[in-house]
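> Sequence:
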Amino acid sequence: MRLSSYYIPTLKEDPADAEVMSHKLLMRAGMIRKLTSGIYSYLPLGLRSINKVARIVREEMDRAGAMEVSLPMVQPADLWVETGRWDYYGKELLRVKDRHGRDYCLGPTHEEVITDLVRGEIKSYKQLPINLYQIQTKFRDEIRPRFGLMRGREFIMKDAYSFDKDDEGAEKSYWKMFEAYKAAFSRIGLCFKPVQADSGAIGGDFSHEFMVLADTGEDTIASCKSCEFGANLEKAKVAQPQGVCHCDAEQTSAFEEVETPDARTVDEVCAYLNIKSDQLIKTLLLKVDGKEPVLALIRGDRELNAIKLRNLVGGNEIEMADEALVKDLTGAPVGFAGPVTLSKNIRTFADHELCTKSDWVTGANKADTHYRHVSLGRDCEIDKFADLRVIEETDVCPECGKEIEFTKGIEVGHVFRLGTKYSEKMDATFLDENGKAKHLVMGSYGIGVSRIVASAIEQNHDENGCIFPPPIAPFEVALISLGGKDEAVTAKAEELYDIISKLNIEVAYDDRKERPGVKFADADLIGYPMQLVLGGKGLKNGIVEAKDRKTGEKTELPLDDFVEAFTAWREEIWAKWGLDM
RNA sequence: CGGGAUGUGGCUCAGUCUGGUAGAGCGCUGCGUUCGGGACGCAGAGACCGGAGGUUCAAAUCCUCUCAUCCCGACCA
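For the first sequence, the residue numbers in the numbering used here are 802 to 1382.
A couple of the hints might just be wrong.
Unchecked claim - Label pairs and their computed distance ranges (CB to CB):
| # | residue 1 | residue 2 | range |
| --- | --- | --- | --- |
| 1 | E1035 | R947 | 27 to 37 angstroms |
| 2 | P1134 | E814 | 20 to 30 angstroms |
| 3 | P1134 | D888 | 47 to 57 angstroms |
| 4 | P816 | A878 | 46 to 56 angstroms |
| 5 | D1362 | T837 | 45 to 55 angstroms |
Unchecked claim - DSS-like cross-link-like pairs, simulated, lysine-lysine; straight-line CA separation at most 27 angstroms:
| # | residue 1 | residue 2 |
| --- | --- | --- |
| 6 | K927 | K1237 |
| 7 | K1092 | K973 |
| 8 | K835 | K1038 |
| 9 | K1293 | K1320 |
| 10 | K1038 | K977 |
| 11 | K1026 | K1377 |
| 12 | K1077 | K983 |
| 13 | K1293 | K1239 |
| 14 | K924 | K983 |
| 15 | K1237 | K1293 |
| 16 | K924 | K898 |
| 17 | K924 | K1237 |
| 18 | K1338 | K1355 |
| 19 | K973 | K983 |
| 20 | K927 | K973 |
Hints in this document: simulated from the structure, not taken from any laboratory.
For every residue, glycine included, the Cβ atom is placed at its ideal position computed from N, Cα and C.
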């Protein structure tokens, strides 16, 4: 491809509305343009990169035995009503009406459609297992789109759905996808890690997210330094405290009131009573799905993991109780709630950790008052002790007990086991070996294709621009001709362009009438992993200069033996990325 | 939806407080000189200042409403 006739509108300055690196660079390198909030046009270069990601994903899906389909983007409301998600999915679902006033939505995911597609068709266990996937533009009306391609409202996603006859089969399908994902992300050239995750709105009993490791990631991952354990912070279980339960300890004296004027927060109470925050129990009043109040007890220095609580109580949404509710339930202003002497009957959950000792300080459900010498087992009714808090970096690995560390990640893939959640609601059944009707056991598997391009840049860039992994670079090689009026150089560059093209290697040939500096800067900005520079001096010496964009290393390739030297050098570059060609 | 901010040539911004009829850099067009890390000179094109209403002799500037975009919180590939 000749740059003189290609459309790459590069920008010298960062666009004002871009915050993160990938967004700035995608804009500056002329790969995307924003149409409106969270919705982008893909320009030739950006689309090439996206298509390359898609191709690799497609190949790995096919290799894993999945079959590509293309499902409608506009979906009738009926289907969503069937599964209850018409209400549950909320405002993220962009709803539209047709001319007859019928309700539709733009597909944010396709569990309903795919289940509907197979429910009439798969009638026998002999037709199972089956896995169908598509690569398609999705629409989610994100509350706050941001960071360019990282969190758009419109984005390209690969979504796959597996159907099995039983849990055992479903688990096989799940791990098959898990392996396919590992293969795909490895081939793309990303540094990633699969971690345990919460399954969120899609549902299901367990799931993994694939995280691209990058400092700008929106998620935090807890991973073990010794074993394979890795989990999203919102999912990471906390190792259960060792030893016996001490919450009934008899040696503790009876609880008693203590005045704590104006001391509402943990810090204030601790300062007033001169105790440490780990001697106090934080009592959190929450509302489940806007209705049922629940009480969560956490050690004063810990943080509640709302997702763990949500999964425990079985609700959809957990929010902090407002002032009025707190007053109504505890009879005290915010800041003095406690599990002891609470008149109303509220489901109460306590973190495991609170079981390890007695003699706590808690709120007394009375203004300006706390209790001390509280023992949970003795003084109040706890419905359940459970893992409720957010893991901390000083915690040990919940699986092997060794040290853990926190890193930031960008979620680029998510695999779910759905079980029969959708097949039951939509009555998708088949006949098993005994002629008995059973619900299909499902799994769903997503990959954020457009997001991968952004995360690749997030992970690989420098002050001069993008540094694309070769497999997903818009073009693998830039050939920069410094010919100008020197016709010999131009002629040789044309010859090289021809040679490389014939090797079936994608090359961006910079034959523009621009000054050298402009060409160098653009090549660095766009981030072709390999650059070839042909100038007058080089031609005289019989060499073309080769630059590794990632390391900046320059090598001289002989023009005499170009094909061999270039091929070897190219192989080296791929190897530096840890990739085979 | 709450909290904060910004809308001025294609892009990045100044001008707004203290009203007097729009400016810079980059980019773009032409000519010339340059040509290994975003050149230089000369000559140009291009904005009714997000929109609507109001105040005023006069509004980018003041007031009201509105729209859009961005940032901070709950969602997610």
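> Hints first: check each against the structure and report whether it holds.
Hints, verified against the model:
no., hint, result
1, E1035 / R947: 27 to 37 angstroms, "violated (19 angstroms)"
2, P1134 / E814: 20 to 30 angstroms, "violated (52 angstroms)"
3, P1134 / D888: 47 to 57 angstroms, "violated (35 angstroms)"
4, P816 / A878: 46 to 56 angstroms, "violated (38 angstroms)"
5, D1362 / T837: 45 to 55 angstroms, "holds (53 angstroms)"
6, K927 / K1237, "holds (13 angstroms)"
7, K1092 / K973, "violated (39 angstroms)"
8, K835 / K1038, "violated (40 angstroms)"
9, K1293 / K1320, "holds (18 angstroms)"
10, K1038 / K977, "holds (25 angstroms)"
11, K1026 / K1377, "holds (25 angstroms)"
12, K1077 / K983, "violated (45 angstroms)"
13, K1293 / K1239, "violated (69 angstroms)"
14, K924 / K983, "violated (32 angstroms)"
15, K1237 / K1293, "violated (73 angstroms)"
16, K924 / K898, "violated (34 angstroms)"
17, K924 / K1237, "holds (11 angstroms)"
18, K1338 / K1355, "holds (15 angstroms)"
19, K973 / K983, "holds (15 angstroms)"
20, K927 / K973, "holds (17 angstroms)"
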